[in-house]
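Asks: Sequence:
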Amino acid sequence: MKIIMLGAPGAGKGTQAKLIGEEYGIPHISTGDIFRMNIKNGTALGMEAKGYMDQGLLVPDELTVKILLDRVAQEDCKDGYVLDGFPRTIPQAEVLDRELDGLNDRIDFAIDVDVPDENIIRRMSGRRACVSCGATYHIEYIRPKQEGICDDCGQELVLRDDDRPETVGKRLSVYHEQTQPLIDFYQQKGILRTVDGTREMEEVFAEIRAILD
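Residues 1 to 213 in my numbering are what the sequence shown spells out, letter by letter.
These aren't lab readings, by the way, just hints derived from the structure by calculation.
From the three backbone atoms N, C-alpha and C, an ideal C-beta is built for every residue, glycine too.
Heads up, a few of these hints could be off.
Estimated spans, in silico, between C-beta atoms of each pair [said to hold, decoys possible]:
{"id": "1", "residue 1": "90", "residue 2": "143", "range": "21 to 29 Å"}
{"id": "2", "residue 1": "43", "residue 2": "198", "range": "37 to 45 Å"}
{"id": "3", "residue 1": "101", "residue 2": "187", "range": "16 to 24 Å"}
Below, computed lysine-lysine pairings styled on DSBU-like, alpha-carbon distance capped at 35 Å [what the hints assert, rightly or not]:
{"id": "4", "residue 1": "2", "residue 2": "78"}
{"id": "5", "residue 1": "50", "residue 2": "18"}
{"id": "6", "residue 1": "66", "residue 2": "145"}
{"id": "7", "residue 1": "66", "residue 2": "2"}
{"id": "8", "residue 1": "50", "residue 2": "66"}
{"id": "9", "residue 1": "189", "residue 2": "145"}
{"id": "10", "residue 1": "40", "residue 2": "18"}
{"id": "11", "residue 1": "145", "residue 2": "50"}
{"id": "12", "residue 1": "2", "residue 2": "145"}
{"id": "13", "residue 1": "50", "residue 2": "2"}
{"id": "14", "residue 1": "40", "residue 2": "50"}
{"id": "15", "residue 1": "66", "residue 2": "40"}
{"id": "16", "residue 1": "78", "residue 2": "18"}
Kindly generate the complete structure, drawing on both the sequences and the hints.
Replies: This is how it looks when you write it as structure tokens:
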């Protein structure tokens, strides 16, 4: 079972991808993690990607897909995988489809975790992170025992720059411009499934499980 997770930043798709991986015994694959692993291990693909990144350039779609296919060819992916963070654009999706077709393979489901922008801005602007250990809290949902202080290490909690409403709004604009078209792309392929991401995490996952089962 091969799954792609779609959804705006802060929609909770990473959390759901992790739950899917645990439930079905398949790897949760984040493209960011793959890049870091390949660069750390000094692989040929990793060094090629690093060359672009060191120049402040985007890694070409073909190279990103090569690194991804190298990962999903590993033994732990034989029963499937769940992709988180890729593809982000139509060209990336087309390259991925073409490469999978060449391997006589395909994606089974693209799951869109749908959350309105205003909900995401409220969610993310309520997050607080520890300046020392990185633990995260939320002023509504996951409150620390003492306001503004980390439960784990006693250091100050702050609103990170990338969680500020104006920053989140910009990220959402980029998402709607570049990534939203993927929803139509996978809809046309007949593999898109949309879930209501505004509910509790457990309720969202129950709906996803019903789709996959």
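Asks: Which hints from the list above does the structure break, by number from lowest to highest?
Replies: Violated hints: 1, 6, 9, 11 and 12; rest satisfied.
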